[in-house]
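Engineer: Chain by chain, the residues run as shown.
There are 2 protein chains.
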Amino acid sequence: MTSTDAGDRLARRRVDKFEERRRALADAALQTLAERGYARTSLRDIAQCSGSSLGVLHYYFRDKVELITYCVRRYKAQCVERYDAIAAHATDAEALLHDAGEGLAATLEQDALLHRLWYDLRSQALFEESFRLDVADIDASLERMIWRIVTASAELAGRAPRCTSGLAYAAFDGLFQQSLLRHLSGDADALDDLRAGTRALLTRLV
Amino acid sequence: MTSTDAGDRLARRRVDKFEERRRALADAALQTLAERGYARTSLRDIAQCSGSSLGVLHYYFRDKVELITYCVRRYKAQCVERYDAIAAHATDAEALLHDAGEGLAATLEQDALLHRLWYDLRSQALFEESFRLDVADIDASLERMIWRIVTASAELAGRAPRCTSGLAYAAFDGLFQQSLLRHLSGDADALDDLRAGTRALLTRLV
DNA sequence: ACGAAAGCTGGACGAGCGTCCGACACCGCG
DNA sequence: CGCGGTGTCGGACGCTCGTCCAGCTTTCGT
Numbered sequence: 001m002t003s004t005d006a007g008d009r010l011a012r013r014r015v016d017k018f019e020e021r022r023r024a025l026a027d028a029a030l031q032t033l034a035e036r037g038y039a040r041t042s043l044r045d046i047a048q049c050s051g052s053s054l055g056v057l058h059y060y061f062r063d064k065v066e067l068i069t070y071c072v073r074r075y076k077a078q079c080v081e082r083y084d085a086i087a088a089h090a091t092d093a094e095a096l097l098h099d100a101g102e103g104l105a106a107t108l109e110q111d112a113l114l115h116r117l118w119y120d121l122r123s124q125a126l127f128e129e130s131f132r133l134d135v136a137d138i139d140a141s142l143e144r145m146i147w148r149i150v151t152a153s154a155e156l157a158g159r160a161p162r163c164t165s166g167l168a169y170a171a172f173d174g175l176f177q178q179s180l181l182r183h184l185s186g187d188a189d190a191l192d193d194l195r196a197g198t199r200a201l202l203t204r205l206v
Numbered sequence: 001m002t003s004t005d006a007g008d009r010l011a012r013r014r015v016d017k018f019e020e021r022r023r024a025l026a027d028a029a030l031q032t033l034a035e036r037g038y039a040r041t042s043l044r045d046i047a048q049c050s051g052s053s054l055g056v057l058h059y060y061f062r063d064k065v066e067l068i069t070y071c072v073r074r075y076k077a078q079c080v081e082r083y084d085a086i087a088a089h090a091t092d093a094e095a096l097l098h099d100a101g102e103g104l105a106a107t108l109e110q111d112a113l114l115h116r117l118w119y120d121l122r123s124q125a126l127f128e129e130s131f132r133l134d135v136a137d138i139d140a141s142l143e144r145m146i147w148r149i150v151t152a153s154a155e156l157a158g159r160a161p162r163c164t165s166g167l168a169y170a171a172f173d174g175l176f177q178q179s180l181l182r183h184l185s186g187d188a189d190a191l192d193d194l195r196a197g198t199r200a201l202l203t204r205l206v
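If you're matching them up, the sequences are chains Z and Y in order.
By my numbering, the letter at position 158 of the first sequence is numbered 158, and the numbering carries on one by one without gaps.
By my numbering, the letter at position 40 of the second sequence is numbered 40, and the numbering carries on one by one without gaps.
Worth flagging that the hints you see were computed from the coordinates, not collected in a lab.
There is no bait here: all hints are sound.
With beta-carbon atoms standing in for the labels, derived distance ranges:
1. Y/Lys17 / Z/Val65: 40 to 48 Å
2. Z/Glu129 / Y/Lys17: 39 to 47 Å
3. Y/Arg23 / Z/Glu20: 50 to 58 Å
4. Z/Glu109 / Y/His58: 40 to 48 Å
5. Z/Arg21 / Y/Arg162: 47 to 55 Å
6. Z/Glu129 / Y/Gln110: 21 to 29 Å
7. Z/Glu66 / Y/Arg162: 46 to 54 Å
8. Z/Glu155 / Y/Arg199: 21 to 29 Å
9. Y/Phe18 / Z/Gln110: 45 to 53 Å
Note that the Cβ used here is the ideal one computed from N, Cα and C, for glycine as well.
Modelling step: build the complete structure from the supplied sequences, incorporating the hints.
Structural biologist: This is the structure:
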């Protein structure tokens with residue numbers, strides 16, 4: 001083993017540790033962002049909620065934009081992973097209709113705060129150029145997720161989808177967003193309406 | 001005429017002038033908000049863009065929240081007025097399909113910035129309780145507008161709507177929001193896709 | 001065990017924020 | 001003309017923000 005090999009291993013381990021810490025900080029930051037919203041969250045809030053300090057944040061992230069961007073990327077990873085499971089195993093059309101509604105409703109209930117953050121960030125992207133690429137990326141992931149459900153539903157029903165992937169996503173996204181707003185406002189019917197709406201959309205669009 | 005009558009007239013004229021100035025300031029503020037977004041707009045920005053000063057803003061509005069709320073209410077008035085025209089005069093189903101798509105596309109193109117502000121404010125409402133009532137109010141107006149189009153379309157086609165008013169609004173809202181994001185990102189197909197999507201949604205939902 | 005590098009701390013700094021206020025211009029009335 | 005009320009201005013105030021840094025502690029290869 002040469003000395004440069006040892007150096008490489010060393011450097012790699014250091015980088016790994018650095019990255020791991022970044023991830024931990026970003027996850028804590030994501031939690032805080034989800035609770036207070038993008039515009040109302042300061043680096044001091046994030047530092048306090050993650051039990052670290054301002055200096056640490058600046059040690060691991062050049063500035064606030066880099067931290068936020070890193071957080072959003074992590075969020076996206078969680079998002080895709082979470083959604084990939086929804087349309088996985090359904091053997092008949094009726095079961096898929098049910099599972100899709102239940103999946104979306106469960107997601108809305110369990111991760112309401114994270115999705116609130118997502119809509120917040122997407123709105124920011126309307127104003128801030130620098131967010132648009134990441135937002136478009138996440139949107140594309142979600143669109144693929146919805147499209148998998150739609151095509152699976154069509155296949156099980158022996159039909160072809162009667163809409164484009166973009167339209168299906170837009171409609172489901174609107175439904176989910178509206179449900180989220182009502183759910184967070186304390187509307188008890190929001191979840192059931194999301195289930196019913198999912199079923200309705202799915203049967204109209206295929 | 002008694003002296004109190006004269007006093008009343010005088011007081012009323014003063015109040016009118018006061019309200020008129022508030023409106024003018026709010027309209028200018030709305031312009032600035034639409035351009036820079038809620039979180040990035042300071043009272044100094046608003047003062048500068050409206051050619052007034054910080055002191056004037058505070059003379060006519062107790063604080064920033066009152067100014068913003070007043071702006072949103074004015075926005076809502078414009079909004080409803082603007083939309084009421086869309087589904088007004090269509091004599092056959094095909095014409096309505098066409099008019100609805102053109103109306104939404106024209107709105108998207110002409111008032112992109114105002115709608116961007118609307119989505120911004122609605123996202124803020126997810127976090128800030130104090131916005132929710134006004135946002136819910138505007139949402140309800142928009143939902144009624146969409147529902148008028150859907151029912152008119154169903155009637156002209158000799159059918160009944162196959163969805164609830166809430167689902168129709170959610171779907172159209174999602175479509176419009178997605179189109180807005182793409183339009184602002186410079187996607188040249190956004191407008192055409194909105195037209196096509198409107199037609200598709202309308203034919204699937206009735 | 002020791003020295004250097006990595007990791008971390010708390011506070012300082014200037015900018016920008018919402019708010020507030022004293023001073024001044026304007027105008028109709030006595 | 002002078003006077004009080006209305007409208008306006010620009011700066012001061014206290015605060016929070018993101019950024020940055022001097023210096024301390026911890027870690028770790030040698």
